[in-house]
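Here's the letter readout for the chains.
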Amino acid sequence: MKSILIKNAKILDFDKKKEVIQDVLIEGDKIKDVSQGITITDAKVIDIKGLYLFPGFIDAHAHFREPGEEYKEDIASGARAALHGGVTTVFAMPNTKPPLDSRAMIEFVKERSLKANYADVLPVGAITKKREGKEIAEMGDMREGGAIAFSDDGTWVQNSSVMRRALEYSIAFRTVVISHAEDTTFSHGVVHESFISYDRGVEGYPSQKEEIAVFRDVKLAELTGGRLHIAHLSSKGSYEIIKMAKKRGINVSSEVTPHHLLLAQEEIDLFNPLYKVNPPIRTKEHRDALLEGLRDGTIDIIATDHAPHNWYEKETDVNSAPFGMISLDFYFSLLYSELVRKGKLSLFDLVSATTYKPAEIFGLSDRGVIKKGYIADLVVFDPQREYVLTEDFIRSKSKNTPFLGQRIRGCVVYVIKRGKLFKIEEI
Amino acid sequence: MQKGIKRKDLLGLKELERGEIEIILETAFSMKEVLKRPIKKIPTLRGKTVCFMFFEPSTRTRSSFELAAKRLSADTINISGVGSALQKGESVLDTMLNINAMGIDAFVIRHASSGLPYFLARHTDTAVINAGDGMHEHPTQALLDMMTMKERFGKLEGLRVLIAGDIRHSRVARSNIYGLLKMSAEVRLFGPPPLVPKEFEQFGAEVLYDKKKALRNVDVIMGLRIQRERLLESFFPSIREYRKFFAITPQDIENLSKDVLIMHPGPVNWGVEMDYDIIKHKNNVILEQVTNGVAIRMSVLYHFISGEKLDEEHLN
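Going down the list, the sequences are from chains A and B.
If you read the first sequence in this note's numbering, its first letter stands for residue 634, the second for the next number, and so on.
If you read the second sequence in this note's numbering, its first letter stands for residue 3, the second for the next number, and so on.
A couple of the hints might just be wrong.
Calculated from the model, a selection of chain A residues having no Cβ within reach of chain B, i.e. all distances over 12 Å [said to hold, decoys possible]:
1) Ile654
2) Gln655
3) Lys663
4) Gly670
5) Ile681
6) Ala709
7) Glu744
8) Glu873
9) Lys876
10) Ile883
11) Arg928
Each computed DSS-like pair below joins lysine-lysine, with the alpha-carbon atoms no more than 27 Å apart [what the hints assert, rightly or not]:
12) Lys200(B) x Lys917(A)
13) Lys260(B) x Lys157(B)
14) Lys869(A) x Lys200(B)
15) Lys665(A) x Lys1004(A)
16) Lys42(B) x Lys72(B)
17) Lys917(A) x Lys16(B)
18) Lys260(B) x Lys215(B)
19) Lys157(B) x Lys8(B)
20) Lys917(A) x Lys1032(A)
Where chain B lies over chain A, by a calculated footprint (3+ residues, C-beta under 8 Å) [unchecked claim]:
21) 832–841
22) 951–957
Simulated from the structure, these hints should not be mistaken for lab results.
As the structure is a prediction and not an experimental result, all values here were calculated from the model.
Built from N, CA and C at the ideal position, the CB exists for glycine as well.
With the hints as extra help, turn the sequences into a complete structure.
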């Protein structure tokens, strides 16, 4: 493969907290050099003056539905949607049918990912057998087979002893246990409980459903010393608990989704199933706390919780529709457009939460930064280019997002995956 | 011709303006006159077709709507969950679109899911009338309740209306709260706290957990059905205890300083939210409500199908 030389790249220097202009030389699948004024004769040269070069994004939470519901998404279409959005590494959650609870299933996902050859799809193994919350699954064998972390995503491990043992056991395999923190015995509903849910007569569940679970898991992390990660934080109370836990030195990290950062219950049509997600879109107060959490470092990373569903599954009433929305194809540019441009989040915070922080949390030591020797997973981002989000733009098999029709300013223009250059239009 | 109603659908009283409520009530009183005639039928909606889609059990509302349509000479058809293509897995939307293609002037829809009539209404130009959606709204019930109050008191302004029982799960409560507040009445809500969440104060109603305080100076007491199945979710400990602290008894009514109207949208769980003996009370207007229900639904069908203000000659 011919070397690639990227000239005049605007790069974020996280140590000095400033933007620097550098050239980046890529040889094979690695970054060979990052410095000023690189000249080399035998290379494909791209001058990206005025554009950003970011590390490829890492999304620690997506649902690819394979095996079992390939009509919604499969590993190849999901990996393609990811790459199209600048995501070069994406985690596939194990709540497939059947679930990813054995080494064979983990290897199946790895194989499919390799064959698809878009973003790297890293499988997350189930914490418990069949995701039933009763007995811990063979985490060691799955880890050896390539599981990046463990989660029963979609359900909480209700039994405190089981969760305690999982956190303890995970220590031997130096991995992370991800909790979908929601007390399953508490308040069933389809939206956030508030005056708005009472007004529309739609059964809601309060943020305490999440907070109770977050608190227990934090306490179990404290007890065991296991590495805990809380998925899709959605409430102010959860933010406060994590903040307290971090202050006490408990080994916990957390994530927030793009939709929980952007949407508030006061501003959406509660009857529209495109807004139906779990955990639910809560009120402005919660959304603002999540943004604050990202700014003050309580919340470490942004993860999509990309949850594809076929159009007719969402074209119904809010009670019958399934939970979830997609965003892999566009979330970074959408967040850039809505948060960075509007001064609500710094570009440094957005990029760290989507690149090196997830790499650090999950021990991906070969990616997430632009440095010599790292994998050449890179994104060229044009902060000025505008596009309208249409169904045609989306590479995911499913189009279930309420952001269709949104004008987005800022656009991924090139993605480099392991040294291979893709123009966005060609993905 | 003057337009009476500004919208295609009757989905809830939240959306309706005070003026529109007044027009519907006014027409309903005229329709009630028709119902007193020896021949209770007028040709106003001749050649129009109303489709009833009731996906939940209903006695009163369904027969009331059907009679209303027939009194206005409209043709009617019925679709229900049982015995239709819905049992073969067809979606409610597909069913509606197919029936609509046969030429329908109004759909009257009842469904267990809040918001379903809104969803269907977006997919058709035909009028959609909400006959009760989940815990959300039941606009014609609240309209007939308001008609009954207006009939007795001559006005709605300033009336103190107590709604007692399972407010949390009640679409009747929500529609009445919206309607009554728009008409400048006062609304009080009473019941055990799990069934009357504090959040309801944000509607502009008063939330009370003490029966004495709740009953003070009221003009109307409206009971709502306590759903026994709620016991499983522990909203309250037992029917026995509910009766002890929250049921409206003849003694309660006896103790009031003035006459009150006793209402209930039905079906009544006699002996739960209201004591058996209230059935005999002279101010019990529960059956009057049912009669007014037909008049209100005639008025609603008339306005949402014809879109016109009522002209006297339409009554002939």
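Worksheet item: Does Lys917(A) pair with Lys16(B) here, judged by a C-alpha cut-off of 27 Å?
Response: Roughly 23 Å between the alpha carbons, so the hint for Lys917(A) and Lys16(B) holds.
Worksheet item: Does Lys260(B) pair with Lys157(B) here, judged by a C-alpha cut-off of 27 Å?
Response: holds (17 Å)
Practice prompt. Quick one: work out the minimum CB distance from Lys876(A) to chain B and report holds if it exceeds 12 Å, violated otherwise.
Written response: Holds: least Cβ distance 27 Å, greater than 12 Å.
Worksheet item: Are the Cα positions of Lys260(B) and Lys215(B) separated by 27 Å at most?
Response: Status holds; Cα separation ~15 Å.
Worksheet item: the region 951–957 of chain A covered by chain B? Criterion: 3 or more residues, Cβ-Cβ distance below 8 Å.
Response: Coverage by chain B holds for the region 951–957 of chain A (3 residues, Cβ < 8 Å).
Practice prompt. For the pair we were handed, Lys42(B) and Lys72(B), check the Cα-Cα distance against 27 Å.
Written response: This hinted pair holds, its Cα atoms lying about 9 Å apart.
Worksheet item: Is the Cβ of Ile654(A) farther than 12 Å from every Cβ of chain B?
Response: Holds, because the least Cβ-Cβ distance between Ile654(A) and chain B comes to about 51 Å, which exceeds 12 Å.
Fill in: Assertion that Arg928(A) lies farther than 12 Å from chain B (Cβ)
At about 30 Å from chain B, Arg928(A) clears the 12 Å cut-off, so the statement holds.
Practice prompt. Please work out if Lys200(B) and Lys917(A) have their alpha carbons no farther apart than 27 Å.
Written response: holds (20 Å)
Worksheet item: When you check the alpha-carbon spacing of Lys917(A) and Lys1032(A), does it fall within 27 Å?
Response: Judged against 27 Å, a Cα distance of about 26 Å means the pair holds.
Worksheet entry | Interface exclusion of Gln655(A) relative to chain B, criterion Cβ beyond 12 Å | holds (52 Å)
Worksheet item: Any Cβ of chain B at or closer than 12 Å to Glu744(A), or is the non-interface label fine?
Response: At roughly 35 Å from the nearest Cβ of chain B, Glu744(A) sits farther out than 12 Å, so the non-interface label holds.
In this structure, none of the earlier numbered hints is contradicted; all agree with it.
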